[in-house]
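Using the sequences and the hints given, assemble the complete structure.
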Amino acid sequence: MHLFSPAQVAGYVALVLGVTGFLQRDDRRLKQLVTAECVAYVFHFALLGRPPAATSAGVSGVRTLLSIRYRSAWLAAAAIAVNLALAVGVGTRGTGWIPVAGSCLGAVAVFTMQGIPMRLVLLTSTFAWLANNVLAGSVGGTVLEALIAAASITTIVRLARADAGEALTRPGPARPAGW
54 MHLFSPAQVA GYVALVLGVT GFLQRDDRRL KQLVTAECVA YVFHFALLGR PPAATSAGVS
114 GVRTLLSIRY RSAWLAAAAI AVNLALAVGV GTRGTGWIPV AGSCLGAVAV FTMQGIPMRL
174 VLLTSTFAWL ANNVLAGSVG GTVLEALIAA ASITTIVRLA RADAGEALTR PGPARPAGW
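Numbering (my numbering), first residue to last: 54 to 232.
Some clues are possibly wrong.
What the hints assert, rightly or not - Pair ranges (Cβ atoms, derived): (1) V187 <-> S125: 29 to 39 Å; (2) Q167 <-> L221: 17 to 27 Å; (3) P59 <-> G142: 24 to 34 Å; (4) T177 <-> F57: 27 to 37 Å; (5) A130 <-> L56: 33 to 43 Å; (6) T222 <-> G144: 47 to 57 Å; (7) T222 <-> G102: 46 to 56 Å; (8) R211 <-> G147: 36 to 46 Å.
Since the hints were made in silico from the structure, they are not lab data.
Given the structure is predicted, the values throughout are model-derived calculations rather than measurements.
From the three backbone atoms N, C-alpha and C, an ideal C-beta is built for every residue, glycine too.
Structure, rendered in structure tokens:
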């Protein structure tokens with residue numbers, strides 16, 4: 054496949070949106086950019102002829118958009134059910150289940166978690182999408198997921214350091230007299 058085919062260009066757009074998103078420390082901004090990334094991914098995988106990945110990206114986009122406003126284990130379960138139903142509907146088999154698994158992990162993360170725990174589960178999802186992209190021959194998608202993994206790890210470290218800094222500046226428990 055040509056490096057500048059429409060399918061690959063859509064992957065490059067997803068790359069820019071995804072990396073920018075995962076560098077955000079603000080959960081809301083992360084989710085906004087990931088929603089846009091998912092839209093680009095739908096086109097990318099549809100043009101690559103990968104229906105399971107395209108449908109999973111579509112479900113991921115809708116669920117991430119909803120998660121900006123709502124936090125609910127029920128919505129996570131609904132997103133997982135829709136994802137699985139669509140995967141069965143498009144005849145997903147073998148390695149086609151990898152992006153579906155990644156999308157399901159993402160649903161749990163964005164609807165039920167925040168901060169570092171959310172990003173750790175999203176990182177696991179990223180590794181599933183990375184494997185999918187390598188298998189699909191997606192240049193932009195492979196670079197995207199590798200960079201998202203790096204950006205996620207960087208942001209997790211930044212958040213952990215910020216949390217540690219806050220812990221150092223908070224007053225500790227009072228010591229008994231004579232200490």
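Inset, instruction - Check each numbered hint from earlier against the structure, then list the numbers of those it violates in ascending order. - result: none
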